[in-house]
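Enquirer: Position chain S against the provided structure of chain U, taking the given hints into account.
2 protein chains.
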Amino acid sequence: MKPPYYAVIFTTRQSTDLEGYDEMAVKMERLAETQKGYLGMDHAREDLGITISYWESLESIANWKAHLEHQKAQALGKSKWYEQYTLRICKVEREYQFPANNT
Amino acid sequence: MKPPYYAVIFTTRQSTDLEGYDEMAVKMERLAETQKGYLGMDHAREDLGITISYWESLESIANWKAHLEHQKAQALGKSKWYEQYTLRICKVEREYQFPANNT
Chain U
1 MKPPYYAVIF
11 TTRQSTDLEG
21 YDEMAVKMER
31 LAETQKGYLG
41 MDHAREDLGI
51 TISYWESLES
61 IANWKAHLEH
71 QKAQALGKSK
81 WYEQYTLRIC
91 KVEREYQFPA
101 NNT
Chain S
1 MKPPYYAVIF
11 TTRQSTDLEG
21 YDEMAVKMER
31 LAETQKGYLG
41 MDHAREDLGI
51 TISYWESLES
61 IANWKAHLEH
71 QKAQALGKSK
81 WYEQYTLRIC
91 KVEREYQFPA
101 NNT
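Line order of the protein sequences matches chains U and S.
Mind the numbering: the first sequence is residues 1 to 103 in the numbering used here, read in order.
Mind the numbering: the second sequence is residues 1 to 103 in the numbering used here, read in order.
So here's chain U without its partners, still in its complex pose:
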């Protein structure tokens, strides 16, 4: 992707009650993919979960945050699935690929 664009870094510590979590994670990823301005997502989890979503603009991030289905997921995340999380809104200023992507 060609900078500048935006990244939302979401780092999480899960709680012990993960009932319904996996289904919701898949649902939210699918829904995010349909949103205007969505550019992609990276995810990995060990003890810490890291999900990074990439967006064209701050407006597209704000729209996704306000999406009704996503709001429901956010509420369940706070009440049930996450013991702790940090969310960072970032402007991606430079990007390097290896092997070099010259297209």
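These aren't lab readings, by the way, just hints derived from the structure by calculation.
Please note: incorrect hints may appear among the correct ones.
Said to hold, decoys possible - Stretch-level coverage of chain U by chain S, calculated; a stretch enters the list once three of its residues show a Cβ under 8 Å from a Cβ in chain S:
#1 20–33
#2 36–45
As the list claims (entries may be wrong) - In silico lysine to aspartate or glutamate, EDC-like type, Cα no more than 16 Å apart, as pairs:
#3 S/65 - S/33
#4 U/91 - U/69
#5 S/91 - U/93
#6 U/36 - U/56
#7 S/65 - U/95
#8 U/72 - U/42
#9 U/65 - U/29
#10 S/91 - U/29
#11 U/65 - S/95
#12 U/91 - S/56
#13 S/80 - U/19
These figures come from a predicted structure and were not determined experimentally.
Every residue, glycine too, gets a C-beta built ideally from N, C-alpha and C.
Expert: This is chain S only, laid out in the frame that chain U set:
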């Protein structure tokens, strides 16, 4: 951490030859912690590896990139350990904590 600060998002696909990788990863994390402007690191790996390091300034990122020991690790990463990676330099504009951190 209080924005603005910087994040380096390093997403990797490993090769099959990981000889020496784990030792180097530990060594580089320890070394990064001693660098001026270093704020912290998050890491998780499943298929994809994600390492995010946080820094006070673009200057501190440039200094870390140019560190001689780190340069050796970067060369080995390209020649041996990584099949593919993407490195993104980001300005963290906003940060939210749950539970809310009011300190």
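Enquirer: If any of the earlier hints don't hold here, list their numbers in rising order.
Expert: Of the numbered hints, 1, 4, 8, 10, 13 do not hold.
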